[in-house]
Amino acid sequence: MPADGATNRAPETGAFFQRDRTWHPPALTPGYKSSVLRSPQKALLSFDNTLSEITGPVFGHAMLGELDDDLIHNFARPGESAIGERIIVHGRVLDERGQGVPGVLVEFWQANAGGRYRHKRDGYLAPLDPNFGGCGRTITGADGGYAFRTIKPGPYPWPNGPNDWRPSHIHFSVFGHGFAQRLITQMYFEGDPLIWHCPIVRGIPDKAAIETLIAALDMQATIPFDARAYKFDIVLRGRRSSMFENRPEGN
Amino acid sequence: MAQSLDRLRETPSQTAGPYVHIGLTPNFCGIDGVYAGDLGATMINDKTRGERVELRIRVLDGTGTPLKDALVEIWQADADGLYNSPAELRGAADPNFPGWGRQPTDMVSGICMFHTIKPGRVPCRDGRLMSPHITLWIVARGINLGLHTRLYFSDEEKANAEDPILARIEHRVRVPTLIAERQGNTYVFDVHLQGDKETVFFDS
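Taken in order, these protein sequences are the chains called A and B. Just so you know, the numbering used here puts 442 at position 82 of the first sequence, and the rest follows in order with no gaps. Just so you know, the numbering used here puts 89 at position 85 of the second sequence, and the rest follows in order with no gaps.
Next up, chain B with everything else stripped away, as it sits in the complex:
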């Protein structure tokens, strides 16, 4: 017998269930008066630096039906490519931009909207620049472990072409599943959980 590694094991995930709003967006589902507002609902203020954009996101199941009980969180860098996190050692991020947001999908349309700014580029460990992107984390009834993916931008063709993560996708036909389409100041992004257009999800 060798020595024990003395490590614990990660707590197993369980689905967020259909009533995830009670805990994470209580005001959205009519439980008001407990928290002043829903956490992550507002990401920008008048002083936030950067280009204002909207993200119009849907999550679709294997039949193409939008999920009306999903919850999406996003995490992104500021306009200069800095994260508002203690683990960011390259400089101080914009103090008027938390970088994190949370929205439920609408109970009728299945659309969730984020009002944010377009992020700057962030380097990989080897110094190569990644293309501007937003990390998505998706939970819902029927999803046993939160799904991790990224939203890239259709008007960043050159940067997308040299992005080290996109470059790892063997089946190039799947790359467009990670690219949101620009329509004015809105980026439209459909996440397909399964099927021909299945979005690339990450294990990282």
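If we strip away everything but chain A, and leave its shape as in the complex, we get:
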């Protein structure tokens, strides 16, 4: 999986900034019931990154199909399209130093406009859309930018509390340049009142951290008479400069 020319920047080999685990949701968030039996209870083992965490896979543009970044059409029958609010989601993948992270794979998945997932375990009574699959992917450009076209997902009920509803959201999976940057998160939509009721969202202790997961309506990126736009930037761990560190491989 060679790099495919998204950047000429020399590869960086510094260790990553330590993760602020008070900013992320803790493993145990009892309001989100599934976390109770799936959260480690012993302390994590800390150590500075080795090559096993500093390195990571790179995916070339050659793997992408023409419609991978278009969920309105990538599962649709010829001439048809998914039902729902047509939107563009765009933004940049940055690191904590504010630098764009080029050439990284971003994958996303979501329910349809009615809140139904195309998954055998989803038994919600809202119907499937025969023209909507719900998955897409892209690779960031030279400045870390990405964009895809989709329909806005609907909220859906889930078996947690007796009447819990997930806010509209799109799941994101992001690779960085090192495996220690690997991240999965969820994007929410500006103004959705369900955000502040959701036990999964509220597992994040800090309101300011939650707000970084809310995409802003972006009228300037909207395509008139076609699709509205939302902007969602994603920040991955930054890298330490290696200028005053020992050479990574010793001797």
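These are computed hints drawn from the structure, not numbers from a lab. Just so we're clear, the structure is a prediction, and the values are computed from it rather than from any experiment. Treat each hint with caution, since some may be false.
[Stated by the list, open to error] Covered by chain B, per the in silico footprint, the following chain A stretches (three or more residues, Cβ under 8 Å):
#: 1; region: 380–392
#: 2; region: 395–401
#: 3; region: 404–411
#: 4; region: 415–422
#: 5; region: 436–448
#: 6; region: 453–464
#: 7; region: 560–574
In this text, a Cβ means the ideal position worked out from N, Cα and C, and glycines have one as well.
Here the structure of chain A is known, so what remains is to put chain B in place on it, guided by the hints.
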């Protein structure tokens, strides 16, 4: 007031949820025709160098029940201990080995299988060699932030005994939670999310 550090903060993690397969292994969950195949499903070909091995991995919750909706990714060096990554500056890794794989746990048995090769040894920053290992990253419904651990090999006793990361584990009784048991060409590895046999997870 001192100057601002002008740093951004990492985007907070959220659970991958029960439908993670839709995005990351769509063909596995019946969404075919969008991608040719599931990314990371195949790690080796006829030209890949090294000893072929299978990893038989389960992830168990605090009651000992296997997770049937988890997703496991692995990242490892090639047979010579080189990573297939631009940040690998020691040499060129085997071009027929990406080093990365992704598998869901089976929806009935909870088992996930990787067909890969046994990795070579990789040095720490200070030059000491680590024992052969595979990095695991585990996400699932109920896991708020992907869990990071390592799989070491039961037939590498001597190397394991001098591994600088294993050496950092204060409670020695927990070291075996990171060691997969060899059965023929298969390594069997159970990840316990919590309880008496809780696997050692990393913050690195």
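Each hint, compared with the structure:
Only residues whose beta carbon comes within less than 8 Å of a beta carbon in chain B count, and the region 380–392 of chain A has 9; three or more means the coverage holds. For the region 395–401 of chain A, the stated coverage by chain B is satisfied: 7 residues place a CB nearer than 8 Å to a CB of that chain, which reaches the threshold of 3. Counting residues of the region 404–411 of chain A whose CB lies closer than 8 Å to any CB of chain B gives 8, which reaches the minimum of 3, so the coverage claim holds. Coverage of the region 415–422 of chain A by chain B holds [criterion: at least 3 residues with CB-CB distance below 8 Å; count 5].
Counting residues of the region 436–448 of chain A whose beta carbon lies closer than 8 Å to any beta carbon of chain B gives 0, which falls short of the minimum of three for the stated coverage. Note: the region 453–464 of chain A has 5 residues with beta-carbon separation from chain B under 8 Å; the three-residue rule is met and the coverage holds. Restraint check on the region 560–574 of chain A versus chain B: 8 residues with Cβ-Cβ distances below 8 Å, three needed, restraint holds.
When each numbered hint is compared with the structure, a violation occurs for hint 5 only.
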